[in-house]
Every structure is written in C-alpha cells, then in structure tokens.
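Protein chains in written order, with the numbering used here: chain L, 1 to 265; chain A, 1001 to 1282.
Because the hints were derived from the structure by calculation, they are not lab data. Treat the hints with care, as some may be off.
Quick list of in silico lysine-lysine cross-link-like pairs, DSBU-like style, CA-CA up to 35 Å [what the hints assert, rightly or not]: (1) L/K212 x A/K1228; (2) L/K161 x L/K186; (3) L/K36 x L/K95; (4) L/K212 x L/K36; (5) L/K36 x A/K1228; (6) L/K161 x L/K95; (7) L/K186 x A/K1093.
Output of the computed footprint for chain A on chain L, the stretches with three or more beta carbons under 8 Å from beta carbons of chain A [stated by the list, open to error]: (8) 27-38; (9) 82-90; (10) 228-241.
Chain L residues, not near chain A, derived (Cβ > 10 Å throughout) [as the list claims (entries may be wrong)]: (11) S62; (12) K161; (13) A165; (14) R167; (15) L169; (16) R179; (17) F213.
Every residue gets a Cβ at the ideal spot worked out from N, C-alpha and C, and that includes glycine.
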Amino acid sequence: MRSGLFARFNRVGAWILLLFLVTPALVAIPVSLTPKRFLSMPGGEYSLRHFIALFSSPEWLSSFFQSAVIGLSTSALATILGTLCAIGLWRVSSKYSEVVRAFLLLPMIIPQIISAMAFYRLWVPLGLLDTYPGMILAHTILAAPLVLITVSASLANFDPKLEQASRNLGASSWVTMWRVILPSIKPGVFAGALFAFILSWDEIVVTLFVSKFNIYTLPRRMWNGIRENTDPTVAAAAVVLIALTLIAFAVFALVSRRNARQSRT
Amino acid sequence: MKTLGRYISPGWFLVAPFLLLVAAFYLGPILNILWLSFTDPVPGVGNYRELYESDALVRIIWTTVRVCIVTTVFSVLLGYVIAYAMVHAHENKRNLMLGFVLVSFWISILVRTFSWLMLLGRNGLVNNAFETIGIVSEPIAFMRNELGVLIGMVHYMVPYAVLPLLVNMQTLDMRVMNASRNLGASGTQTFWRIYLPLTTPGLVASTLLVFILSLGFYVTPAVLGGGKVLMVAEYIYVQLLVTLQWGTAAMLAALMLFGVLGLLYVMSRFMKLSTVFGGTAS
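Here chain L stands alone, though its shape is the one from the complex (with noise of 0.2 Å):
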C-alpha cells in the first residue's frame, strides 16, 4: 500500500507510544543517584552512596537471595510439571484434553488477588504461611501454566512421525521422549523456564498474603519501600532490577534468534 498521511501519523504516534511504554521506567535512574537522603532529583551532584547502601545492607541482599532461591525453584518445578504436562495433553489430544487444558490455564487467568485468598486460605492450616516450600508452591501453581503454553507451542511444529520413527527402530517410550521429543522442543522449553522465573522474581500480590517476616522476597522489600516513600536505595534497587531485565531480554532475544536460524536451516 502507498504510504500516504494516514500510515506516516500511525507511524510517528507508535513510536512515541513505545517510548511512553518504556521511558518511564528510566526516571529511577537519575533518582537513584541523588546525594541527598530522601527521594529526590539529583541538583547537578551524583553520588553513587545509594548504590553503596544498597549492595552492603543485609536486608536487600537476603531479599535478593530468597527471591533467586524461590525464582529458580519455581522455574525448576514449573518447567518440569508444565513440560510433563504438555507432552501428556499433546499425546492425548482428545476433546478432554482440550478440557483439561482450559482447565489447568486458570491460574494464570484467575485475578491475581483471588490466587492470593486461595492460598492464603490453605497455607494456615497446611502450616505452609511464611517459609520456602509455601512460596515456591504457589509460585509453581502460578508459573507451570506458562511453561505449558510455550512447550505446547513448540509441540505444535514438531512431527508426530518422527516419535513413531523412533518407536518402530525400537526405542522405548522413554528413550523417545529422552532423546526424540525432549531435544526439539527444546525452545519452548527454554522460554518457559525463563517466564515462570520471571513470574516468581516480579510476583508481589500473592507473596503479600502468604509471606510475613522470615520470607522477604525483593518485590516485598521494593513494595515496603514504596510504601514509605523516603529512601533513595528503593530507586538503586530499581535500576539494578530494571538492568536485570535488560539482560535477560538481550539473552533471550539472542538465542531465539539463533534456534530460528537453526530451524531455517
């Protein structure tokens, strides 16, 4: 089509969407390096004290910690239900798997706060309020659903017949989905691992309910200071996670890229 008026307003009103969707995030940055003590623009002097601050209290550290030992926990567990689960739904497939899979797609869907009470509700009289195994299992509960889209994505393109292949040269069911099923979807796999630990490591409103003093995950640490709205090391805080992100992104984005050339090939 010819790119007349219309297209070029569209053109230049998404772009300056996209930055309103990503600039405002970087306003932490200037923040974090203010001198003073309380939250506020940096007057010309940058001091990197907060950064300081940050890196030496104990507190911030035991919550970046906990949130890496509940992330990677959660991520582990997750990929491994949600995996398990998608290459069951996928060799069923039959209209109740389909049921199923609605079904098990919930917790992903259901308000968050919903999520919360529920297991708000069954973690007091489980003993589970307030310790490793209660947050990693409602994270799990939360984040396989994730793993289960991305892996069923990647069973979608994989061929059936090259699991028969495999059965009728006489590998057991087993050894297939070791060595057969498991190496091609690999990037599913991958993807789903990294969105349930990016659920886990983000995850505030569930975490509020069932975590009080001994779990105090980093979203907690940042929603308390958030709350109290004075100490500039909640700005440090966010630029490092904000600088995480990058990262992960560029990761991800680099080996996506290089499993696409491979599939090209």
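Go by the hints and put chain A onto chain L.
The following block gives chain A in isolation, referenced to the frame of chain L:
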C-alpha cells in the same frame, strides 16, 4: 498398570502430577472461598444482601468497573495504533518495536509503579517540568485520584492489548485490502469498512483480556490511588489481612470470579483462547 493403560491413554500419567497439584492446592481452596461467601459469618445469603444495603460496597464495585472500563478503552485504542504500525513496518523495524513492547512487558511492575510515583507527585518531574515551561501555576493533582490510577494502569496494560491484536493482524490477507483499493475505495474507506471489521476477533480478545486483568489489579491502584481510589482488590486485601473478615471478601471474590469466567466464555466464542495467551510467548 497394563489393564489400566488399555482404558486410559498413557499421556494422562504425564498430565496427572500438575493436574492433581492444581486440583488440590488451587481449585480446592477456591471452592472453599465460594462456600465461605454463603456461610461466613452466618449461613445464608447475608453477604450478598450487603450489595443492596451497603452504599460503600456499591461505590467500591462501581469505582472498580468504571476504572477498568476506561483503562480498557484507552489500552486497546493505543494498542491498536501500535499493532497496526508494527504490522505495516519493515521487518527490522518491526522487530525493534516488538523489542520495545516486550521490554516494557518485562520491567517489574514495582519498578514501574515507583517511577510513576516519582513522576506524578506534587513535586514530581511532570509537575516541575510543567511549571518551568509555565503551562500551569498550581501543581496538577495526578496522584491520590483516579487520573493517576488510570495513567499507571493504561501504561501497564498496553502491551497486553498489543499482543492479541498483533497475532490477529498478522493473519490477515493483505490482498483483500489491495482488492478494495483497486475497486476504487479510498484508504480511509478500506480501513473502516474492510480492515477494522476483519480485526474484530483481535479487538474482542484484547478488550476482554485487558478488562479481566484490570479487574483484579492491586499494586497500581493501591500506590497511585493513595487510599483515595478504593477498588475491589485493595478492599479484599484490607478485609483479610487487617480486619480479618472473610465473608464480605469471599463474596466479592465470588462475584469477580464469576465475572471473569463469564467473560472468558464470551472470549472463547470469538477466538481460540490458547492463541491469545500463546501470543505472549512467541
């Protein structure tokens, strides 16, 4: 095992672990909450009758619905502009634009809320900039009102609105639009009478997705509303963790749950749900 395998496809054994986990640790307590809405503090429909008797509750629900509707309208509108430009851009540019959308999708909700707090406050960057230029003499009140909540929520929801629209627009056959132009329709006519109707499934999916996600939103309204814009999610939070009353909260959760399930049903008639949610993964 062998006789069982004859009746049940072996695939179900792989599904079972997660299915049982969700049934026991997720569905169970949710059903329990639905039950509570009828039994706590006393059995009966007392919690639901409050909807008629309590003005405060009605106001909270009305605020939630109003904020969600406005958020949805703006997010889908802005998302449409972005998705349209992406589909019509060259491949390199499109990937760059997709990168922008995904990065904003991935930046922590807490980081974004914090940034809006810095930008929109009375002495925030936006008000300072406006005063320096001289547009306003008094600082504009962006926070502790619905305006701030709306800005924060639209900003969060636009990427969710873009992705289903993008999936839909990429499947359109551009030859239809070319045919329309060749038959003498103007670009505007082609857009309104051909392109827009063809994107209805994407529009419906993205509208319902954003609306559903907005309904249960907690973080942004709680921080940017500053206690002045009370929405259902924040009310539930206060009821459970501060005043420890399950009945009313359970009733609100039940209403929200049925609302969401109803909307999902509508959505499934327009589009395969898995493609909508799968769109975020590609």
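Which of the listed hints are not met by the structure? 3
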